[in-house]
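**Q** Protein sequence lines correspond, in order, to chains A and B.
Residues in the first sequence are numbered consecutively from 1, following the working numbering.
Residues in the second sequence are numbered consecutively from 1, following the working numbering.
These aren't lab readings, by the way, just hints derived from the structure by calculation.
It cannot be assumed that every hint is accurate.
As the list claims (entries may be wrong) - To give an idea of the chain B side of the interface with chain A (calculated C-beta under 10 Å), a few residues:
id, residue
1, Tyr11
2, Val77
3, Tyr101
A quick note: this is a predicted structure, and the numbers were derived from the prediction, not measured.
We put the beta carbon where it would ideally sit given N, CA and C, even for glycine.
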Amino acid sequence: MSRKVAIVATGQTHHKARRDDVNIVELVHEAVERCLEDAELSIDSIDAVLIGNMEHFEGIYLSDMWCADVSGARGRLGMKITTGGSTGTSLAIAAYYLVASGLFDTALCVGWQKQSEGDTTAGLISATDPIWERASFAGAFGTFAAAAVQFMKEFNVTEEHAAKIAVKNRQNGRRNPYAHLKLDITVEDVLNSRMLAYPIRMLDMCPASEGACALIFACEEKAKKITDKPAWVAAAETRHDSPFIGDVPMFMDLRTLRSASAAAYKKAGIVNPLKELDVIELYEPVSWAEISFLDALWLCERGKIVELIDKGVTSMEGELPVNPSGGVLCTNPIGATAMCRVAEAAIQIRGQGGERQVPGVRTALATGYGGNWWSDVMILKSSL
Amino acid sequence: MSGPGVRRIDYHAVLPYRYAAGRTASRFFTELRDHKRFMATKCTCCGKAFVPPRPVCGECFLPLEEWVEVGPRGTLVGYTVVYFPFLDPLTGKERPVPYGYGFILLDGVSTKIQHFIEETDISKLRFGLRVEPVFEDARKGSFADIRFFRIVEEP
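Just chain B, same shape as in the assembly (with noise of 0.2 Å):
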């Protein structure tokens, strides 16, 4: 007597893994956490200031050695509203939708971050919008320690 064939063979793996922030990114969230603000590292060659800090100029290739305060506010420079949910690899469930997501220039900053917006009505989002971050309350030193960017109106 034979079955039918075997197809496929189910593993699940749990993978945990620990990854060492660097130098930078641990000054980088020790500020972010303990004082809710956002330092950059300048190169003295070019004048670009880093966000995300970064240990070399990629177009200098000269190590950054010096750290400036910036934002904490910026200007929306890309958006979307995402409405498809996938599974997110820090928490292993999918992500709930409709969420905003921007590129947001900080004040001071030469390039860009990426983050989550707080407005999801695509028709109130456009380019040049001022946003401000919002922080958890329990802040434990990572990109997450922000909530959200938030539009605030501005004279």
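Chain A extracted, bound-state conformation (with noise of 0.2 Å):
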């Protein structure tokens, strides 16, 4: 039997396009910082760290060597974990299962990339087969492109339904101090910007940005002499599928989380997931990517999702608002990118959310997402 596990602290920078004022060590080193600050802890309390990024960004491979100084690993269990864009839900669940091993009482996590030191696009590519994919691999936006264009046909999702999105969720960063793109933008604007593939324009793609992210896990005995707002871990979940892009159903039915979010609505009681869930922090590359994985949440029948949309269900004042932070798309420092999700779930469930504050969260849901189409999920409570 596992050990009850709560988040107890965040920390986070604020992510920007570009940090030329920090290396990658400075850059760790104030969301540890910060995420120490917020427990009121000092590195002593902590008993492992893990640090993961996506790799081949920067071009260097050993960061938790590089990192070992700041992160606090010094002296103590320290690891990487790297999973591509889910590196940052990799980290937590890992950290998790850490503590709720018995064999760890605390554990900090960190996420970090820092983008404008390497090519994005390149470093992405790279992270298909070099044999079978390679050669014709179009990005993440080829690839998200196609699916969109096959979603739009299957369930008459619109171009103007995406530019929602992404309009939602831009107006949701602004009021967010740590996130990156901070855009007064419109619908036309969104369906006015660059066609980058078709379907998918400028302004429906996630920015690249810098920045780190931090979470500490602490067992209950712990968890309760670090604060009185823990945010308990009701489930987690991962799930992986073909690594083979032409294997999957992509956007049609994101499989991965639909089976991961079952299996983690039951581990953690619950059976109507649009009533009982707060808030959600879905991990959403591009605009159309927030539809058609919110569709595989069991929030509605399927292909449906699109209804609780325009009924503005999602917004900040809807009935479960979906990515209060700004989401991916106003923040994308790729390996904090789906610990960010969690973080904000756990800032909500706290109480700690400012301005984007959703009134009175006891359940909220996180996800996270990458390479090749595979999902983690986890669900945090106010109270166990």
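Fit chain to chain and form the complex, with the hints in mind.
**A** In structure tokens form, the structure reads like this:
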């Protein structure tokens, strides 16, 4: 039987396109320091440190070693975890497992990325199999675009639907002091922005950001001493799929998220997610993905998610706000991106959301997404 | 006297790699190069034929030893036209735009492959179009031996 575990602190940098004032090590240190400050702990209280980024973007592979001084890994368990886009949730889930196992009472995890130091799309393409898929892979947006065409034809989703998501998340991001993009844009602005690959336009896509995010997990006994507002982990699930892009149904059915969320609901005792969840922090790399990925979360009958979105259910004032942080469309330091989802879920439960706080959050769901259409889900609760 | 602070340090690296094709890909690309023929591995348990061929069926977790000839024609099941250039890691240069990009289900295969599509007018692309590969004259034994897939009319 595993132990009860809570997130007791979060810390993140103010995410930006470029941080020439700090190097990787200094960037990671910022997030770790802010996280320890949030917990009012010194590094001596931390039993294990996990770190990760998406490799090949900066051309640096031993980031756990480079950052050992600033992450706090010196003299204790320190390991790197890297799973592409889902690195941030993999780190969080691994830290949860360490503490739940009973072998460690506290664990700190930190995800980071410094995208301006290399070439993002070349880095992304190098994540694909060099023999089979590298010659024609069209980067993230080419694959998303082909998936979006399929999705729009099958479920009558329009470019306007996607544009509304792009606007909603950018407006939410304006209330988040840590968000990278703070854009006051309209649906017309999105529809008039440059076409990248049909039907995806510039303002439909996430930015490339630099930043880091950290979390501290603690066992029940320690958590209650550290904070009076722990965010308890009610469930954590992860699902991989085939390594080949052509094997999976893509936006038509993100089956990994469908399966992971169903299992997580069961663990967390959630029967009607639309009613029982108070907020969702969704990993949406492109506006279209928010529509498709929400459709996989069992909130309604399959293919009907646009009806809920049209009713405003996912807006800040709606029944189930999605991405109060502004989501990935505002902030995308890849190795930290998925952890930012978990951090925001914890912030919302802990009532630290400031201008973007959703009132009375008791249950929050965060997702992570990575290649190749792989999903992570974490559900946090104010009490277990 | 002091100048502006050091902000960035440029570093350019050339990192050459030589990947082993492996037994499965080696057979596939030899057939493609020498005979313009697509070969798939087939699972004796679930019956699925795979391109790219692979050594193990991920769903049944069984080694795949049976080979079947498939294609070369197929059906377009996903598409876009890409207008935004980026660095191609195979060449280090920007890929010329626009270009068609799609997912093709080769005849007799259970999994899609991705490749370039000759057509770059989005209004002329649709699901279910029949397509065929156009091969390079000088083939070297890689997926780049296929220049692109083009739309074919079938009765």
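**Q** Take the hints in turn and mark each one as holding or not.
**A** Status of each hint after checking the structure:
1. Tyr11: 8 Å, holds
2. Val77: 8 Å, holds
3. Tyr101: Holds: closest Cβ of chain A sits about 5 Å from Tyr101 (chain B), inside 10 Å.
Every hint, counting from the list given before, is met by this structure.
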